[in-house]
Amino acid sequence: MIAKTNKPRAKKVTASNTVGGEVLNPIQVLARAALTAGPGVIWITVFLVIPSFILLAFSFLTRDDLGGVTRPFTPDNYVRFAGWDILGFDPVYLEILGRTVLVSLVTTLFCVLLAYPVAFFIAAHGPKGRNTWLTLVIVSSWTNLVIRTYAWMIVFSPGTPVTELARVVGLVKAGDGLYPSDFAVYWGMVNTYLPFMVLPLYTAVERVDWSLLEAAQDLYASKIQAFVQVLLPQTLPGLVAAIILTAIPALGMYVVPDLLGGAKVSLIGNSIAQQFGTSRDWPFGAAISFLVMGLTLLVLYLYARRAGEEGMRDLL
Amino acid sequence: MAFLYIPILVIVIFSFKNSKYGVDFQIAQPLFKWYGSLFENDQILNAAENTLIVGVISTFISTILGSLLGYGLHRYKFPGSRLFAWLMYIPVVTPDIVMAISLLLMYAALRNFLPIFEPSLFTMIIAHITFQISFVAIVVRSRLAGLDNALEEAARDLYADAWQAIRFIVLPLATPGILAGALLAFTLSIDDFVISYFTSGPTSGTLPIWIYTTVKRGITPDINALSTIIVLLTMIAVAASNLLQRNAKD
Chain D
1 MIAKTNKPRA
11 KKVTASNTVG
21 GEVLNPIQVL
31 ARAALTAGPG
41 VIWITVFLVI
51 PSFILLAFSF
61 LTRDDLGGVT
71 RPFTPDNYVR
81 FAGWDILGFD
91 PVYLEILGRT
101 VLVSLVTTLF
111 CVLLAYPVAF
121 FIAAHGPKGR
131 NTWLTLVIVS
141 SWTNLVIRTY
151 AWMIVFSPGT
161 PVTELARVVG
171 LVKAGDGLYP
181 SDFAVYWGMV
191 NTYLPFMVLP
201 LYTAVERVDW
211 SLLEAAQDLY
221 ASKIQAFVQV
231 LLPQTLPGLV
241 AAIILTAIPA
251 LGMYVVPDLL
261 GGAKVSLIGN
271 SIAQQFGTSR
281 DWPFGAAISF
291 LVMGLTLLVL
301 YLYARRAGEE
311 GMRDLL
Chain W
1 MAFLYIPILV
11 IVIFSFKNSK
21 YGVDFQIAQP
31 LFKWYGSLFE
41 NDQILNAAEN
51 TLIVGVISTF
61 ISTILGSLLG
71 YGLHRYKFPG
81 SRLFAWLMYI
91 PVVTPDIVMA
101 ISLLLMYAAL
111 RNFLPIFEPS
121 LFTMIIAHIT
131 FQISFVAIVV
141 RSRLAGLDNA
151 LEEAARDLYA
161 DAWQAIRFIV
171 LPLATPGILA
181 GALLAFTLSI
191 DDFVISYFTS
201 GPTSGTLPIW
211 IYTTVKRGIT
221 PDINALSTII
231 VLLTMIAVAA
241 SNLLQRNAKD
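Top line first, the protein sequences correspond to chains D and W.
The first sequence runs 1 to 316 under the numbering used here.
The second sequence runs 1 to 250 under the numbering used here.
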């Protein structure tokens, strides 16, 4: 449950028709809204909303012999995704979907486990220290994803100290690298999303009312009890935002599995890219993309309904 | 924290290695030889130029549109305003690849009538603006939400017209938010790989695209040198945006 920790705000008097201290009739409001928000609204409609419908339309088309698209409209692409092909039942895409969801959930779990201590660690500093640590987290999250990912290719390549250590322990054979592998993909994913988990969590930890923790300790709560009953409920809104910011983008991750997983690990993101690259089956690629988009919209919609305006702000 | 910085450190260190291949490490002779070679590589220079063109133009347009959108959504209620306040968060959460594919398909559909939608810098700029607008609007809107409406009302009481109130009261107060939004938009643009990859043409590749395609063939120290420069620029951008926000609080 997403608790609304903030007190309900008094309704703003200036909200609808008295703007900036003057009374506007509805037509004036509309005119001014059109002048300010208008161009942005048009842009978002043309380049974000309409393309989503085009995506949906393409997903019902059929690939022609030249790799273009043709009619008729059929739901075949979705049927194929569900596993039924001309060759019979083969749930290869469901397996990819399952693997993607698993990778996304495991990544999220590891990020939560790592991010909580980091968030508390940062919050334990004074204002200056907090700022420094936060800046460090932000820098890493703004650092190019391709760069951060291929750095792990260097670290995990054959012959490096890390790979040698893994060889001694018996994780890899001599002459092999730690990538491409499932392990490298998970590692890269957690590394990618950790900053996006830390930032909203930290915001939540910063708002924690520590006197409640002291009260719990005075009442002989154990450390685990204190965390579960005092800290967890208070940081829950931030945690939910952080989970959304990690799990959803992770579903569509393309760069990390492509570079660190090699051909071994195929996820939804790679499957989509493949339909627009070598396979050249745009309608099928559109169908997979639309499924991911639908899931995203559903989660965002449910989140917006429960967490409201405050919760949306936690996302950025 | 070390976990987050190991990749960055590795790249900086490996940009100073001598040999082109292998993982042995000997310090480069001369020290900056891979950095020097960057400036002789036409592909890299072209990609750097593309990255800057796309970054600057898209940031300029998205900052103006996004700030106006943020202001409009903050100030006025109009049919669909709640829907759009929600729609803005889609680019923040949606996996890049889905946005990239839907734009790619729309460009393909439009190309039948409008040849301008051939993959190029132009199509990439449009794609970047589309996700940047949201980020700018969200940042500006939350900055405006933190301001006191009474200031604008006081200005109006003192006979400022609507335009003067915006020009002399709202705009100066919102400026830190607008600049922070612009900086965020610029960083997102020069960092973006997935959306650029699917919307760019053969000659309009950016630096992240060049790094990606080159890395797939093998990692060489000049890529590390280039990455080190990019990371350095990112750090400067974050520091600048931090400074802006701190000044805003004073």
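Calculated directly from the structure, the hints in this document are not laboratory data.
Everything numeric in this text was worked out from a predicted model, so none of it was measured.
Where hints are given, some of them may not hold.
Said to hold, decoys possible - Label-pair distances were calculated between CB atoms; the ranges are:
| # | chain 1 | residue 1 | chain 2 | residue 2 | range |
| --- | --- | --- | --- | --- | --- |
| 1 | D | P75 | W | L52 | 20 to 26 Å |
| 2 | D | A34 | W | A150 | 23 to 29 Å |
| 3 | D | A124 | W | Q43 | 33 to 39 Å |
| 4 | W | R111 | D | G277 | 16 to 22 Å |
| 5 | D | P26 | W | G146 | 34 to 40 Å |
| 6 | W | G201 | D | L236 | 29 to 35 Å |
| 7 | W | T203 | D | L236 | 28 to 34 Å |
| 8 | W | R167 | D | L236 | 38 to 44 Å |
| 9 | W | G146 | D | I224 | 48 to 54 Å |
| 10 | W | F168 | D | E206 | 49 to 55 Å |
| 11 | W | I53 | D | I224 | 54 to 60 Å |
Said to hold, decoys possible - Only pairs whose alpha carbons sit at most 30 Å apart, straight line, appear in this in silico DSS-like list of lysine-lysine:
| # | chain 1 | residue 1 | chain 2 | residue 2 |
| --- | --- | --- | --- | --- |
| 12 | D | K173 | W | K33 |
| 13 | W | K216 | D | K173 |
| 14 | D | K223 | D | K128 |
| 15 | W | K77 | W | K216 |
| 16 | W | K17 | W | K33 |
| 17 | W | K216 | W | K17 |
Every residue, glycine too, gets a C-beta built ideally from N, C-alpha and C.
(message) If I claimed the Cβ atoms of R111 of chain W and G277 of chain D lie 16 to 22 Å apart, would that claim hold in this structure?
(response) Since the Cβ atoms of R111 of chain W and G277 of chain D sit about 19 Å apart, the hinted range of 16 to 22 Å holds.
(message) I want to verify a distance hint. Is the separation of the beta carbons of P75 of chain D and L52 of chain W within 20 to 26 Å?
(response) violated (45 Å)
(message) K77 of chain W and K216 of chain W were given as a pair; does the straight-line alpha-carbon distance stay at or below 30 Å?
(response) Roughly 50 Å separates the two Cα atoms, so the pair is violated.
(message) Check the hint pairing K17 of chain W with K33 of chain W against an upper bound of 30 Å on the C-alpha distance.
(response) Answer holds: K17 of chain W to K33 of chain W is near 9 Å, not above 30 Å.
(message) 48 to 54 Å was suggested as the range; check whether the CB atoms of G146 of chain W and I224 of chain D agree with it.
(response) violated (37 Å)
(request) With 23 to 29 Å as the target window, see if A34 of chain D and A150 of chain W comply at their CB atoms. (result) holds (26 Å)
(message) Assuming the hint says 54 to 60 Å, is it satisfied by the Cβ distance from I53 of chain W to I224 of chain D or not?
(response) holds (55 Å)
(request) Take the C-beta atom of R167 of chain W and the C-beta atom of L236 of chain D, compute their distance, and say whether it sits inside 38 to 44 Å. (result) holds (43 Å)
(request) With respect to the beta-carbon atoms only, verify the hint that T203 of chain W and L236 of chain D lie 28 to 34 Å apart. (result) violated (50 Å)
(message) Quick check: does the Cβ-Cβ distance between F168 of chain W and E206 of chain D fall within 49 to 55 Å?
(response) At roughly 34 Å between Cβ atoms, E206 of chain D and F168 of chain W fall outside 49 to 55 Å, so the hint is violated.
(request) Compare the distance between the alpha carbons of K216 of chain W and K17 of chain W with 30 Å, and conclude whether the hinted pair is satisfied. (result) Between K216 of chain W and K17 of chain W the Cα gap is close to 20 Å, so the pair holds against 30 Å.
(message) 34 to 40 Å was suggested as the range; check whether the CB atoms of P26 of chain D and G146 of chain W agree with it.
(response) violated (28 Å)
In the structure shown, a violation is registered for the earlier hints numbered 1, 3, 5, 6, 7, 9, 10, 12 and 15, in ascending order.
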